[in-house]
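Colleague: Listed in order, the protein sequences are those of chains A and B.
Residues in the first sequence are numbered consecutively from 4, following the working numbering.
Residues in the second sequence are numbered consecutively from 4, following the working numbering.
Do not rely on the hints blindly, as some may be mistaken.
Any copy will do: because identical chains look the same in the list, a pair fits if it lies in one copy or spans two.
Said to hold, decoys possible - Below are the DSS-like pairs computed for lysine-lysine, each with C-alpha atoms no more than 30 angstroms apart in a straight line:
(1) K209 <-> K326
(2) K131 <-> K153
(3) K209 <-> K153
(4) K19 <-> K153
(5) K326 <-> K19
(6) K326 <-> K131
(7) K131 <-> K209
(8) K326 <-> K153
(9) K19 <-> K131
(10) K209 <-> K19
For the record, the hints were derived by calculation from the structure and aren't laboratory data.
Just so we're clear, the structure is a prediction, and the values are computed from it rather than from any experiment.
Number of protein chains: 2
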Amino acid sequence: MAADLTGLACPVPLHKYPTVQMAHGGGGRLSQQLVEDVFLPAFANPALGARHDGARLEFGALRLAFSTDSYVVRPIFFPGGDIGTLAVNGTVNDLAMCGARPRFLSVAFILEEGLDMDVVVRVAASMKAAADAAGVALVTGDTKVVDRGKGDGLYVTTAGVGVIDHDLVVAPMSVREGDVVLLSGDVARHGMAIMAVREGLEFESKIESDCAPVAAPVLAMLEAGVEVHCLRDLTRGGLASAVVEIAQAAGLSIRLEEAAIPVREDVRGACEILGFDPIYVANEGRFIAIVPERDADTALRIMQAHGVSGGATPIGTVATSPKGLVTMRSRIGATRIVDMLSGEQLPRIC
Amino acid sequence: MAADLTGLACPVPLHKYPTVQMAHGGGGRLSQQLVEDVFLPAFANPALGARHDGARLEFGALRLAFSTDSYVVRPIFFPGGDIGTLAVNGTVNDLAMCGARPRFLSVAFILEEGLDMDVVVRVAASMKAAADAAGVALVTGDTKVVDRGKGDGLYVTTAGVGVIDHDLVVAPMSVREGDVVLLSGDVARHGMAIMAVREGLEFESKIESDCAPVAAPVLAMLEAGVEVHCLRDLTRGGLASAVVEIAQAAGLSIRLEEAAIPVREDVRGACEILGFDPIYVANEGRFIAIVPERDADTALRIMQAHGVSGGATPIGTVATSPKGLVTMRSRIGATRIVDMLSGEQLPRIC
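The whole structure should be built from the sequences, with the hints applied where relevant.
Modeller: Here's what the structure looks like:
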């Protein structure tokens, strides 16, 4: 007999995790649940509901993208960048993923008492260099200080405003059967660069983060008239989580070819040593573009013409079924279902 | 003999404080020095140089205000509000201080592992309620999780976008000799509400934070054609630091009347017990408006007609000298110079 428990139901079904877990920040299933169970019901509005990397704001004929991210990466300095480059490029890339031209950033620091002032100076200099490289201006900011032991050196939060000057709706809802999934380059470098430092691992070649701004190839595709259906940067949760999120939101199936996904040999080796699957490892300068088949060649040529996406390659296609699922054909021809990152693989990667 | 040390000079003269002090976040002199010595040189651009509560962005004929703040208040819940109400109203008020109509907010959480999920739910609900009350939409967000012992429950960073639909330059540079300084109500309530909780003090009446959105009276003044010269909310560093900052930036003198500054009796009592001067204590729903003498009566009537600024009153005037200084005539007629908050009086007040 099924008792009617409706009247007893908690309005927010969080009993499974009554406290915050590291995985709630991991970009995988628990992150998604936190958004769906807590923030979407609390903040309920259409812009948030679109579940994109940023919101689209309209002021008469002007359309802007607006996005924010906090950065808590550990260590603060890592091969290929630091928390400052990440905080600029991460938000610049979120704006680019809305199909916007990044223009202005705000920056808010939470500093821990006792932090070397030199660290603040170096991070600020990195942010300025990254902002110049990405063509954005750091226009407003804030600084708070928390007591020793209540922070971890420094945390940085950036918010960004960009201009959308095309009529496409770049979002999962625009994805169609037959679309091609283009990946901008090799994956898993950022995550493995961070892990190598944390674990004190030495590899034959130094693995550097791929942290970089990706707006240029995106804007070039839009300017060339490529009908970009969806864009997503492959940060927390990696390639796999991004593709699964899009398939779920679009109600379509995405079929990936494992052999087509570039992973550098040393990165693959590091992943094997540490037990990671490269498709779940975070990147900070990689994205996927989902475009109609007729535009795929043009899009690919444009991506390949930009250094940051010089290694662009097609990795899959969109089908109608199995609905909401991502499948991947392995090197030996077997097909498996790709799930979202479950649990927390790489804490504080960004 | 004065040796030429130019060649030896550190480009950033921070030798006095080689590490971050709590006072660097206190809103007083050290906060100002951090901005002037580190962030302004690093980020150098005109918008930041204007040193306002937010930046002014121009897109053709459209002018927007853009602002951000991190909130690290302790405790998370306090009489009259919580970190969520503060994070919404604080950024809404920064936009209002630019003379903008607040429209959209982003919100980024840094959660500490192990935090009760119920706290996140309550704070999110507060943010929604505060956003609705202020007429803004929470449109995009982010969540990061840091390890236990690397945060303090939760930190919230909001950024906001508002629309400027008038031609005034609301900034210290617009302040003129003869202008009147209007204060929107009694001061020091937010700071003393927080301190009372922290110190476990019990007063005859409960002191609640004044945390509230102040955009409505500001927009009403602008709509009525009041030539608002400058606006400033009286957060970290309190009334005194805000007025000193404006006097310095404008290169003018501001003369205050101590007897004209309203402080509630219980708040004054709490300040005396704890050894605080109310003019340095933080507020979260109070602001000053500096207007030409001819508009002062109109401005005052409009402020008094709004609940949030119902206690508005003139507290001083602008003169040309002593340049860059604020003076205050005490109840017994003596005049003293009012300085910016020095050191850290009330850590983590917002």
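Colleague: Please write out, lowest number first, the hints stated earlier that are contradicted by the structure.
Modeller: 1, 6, 8, 10
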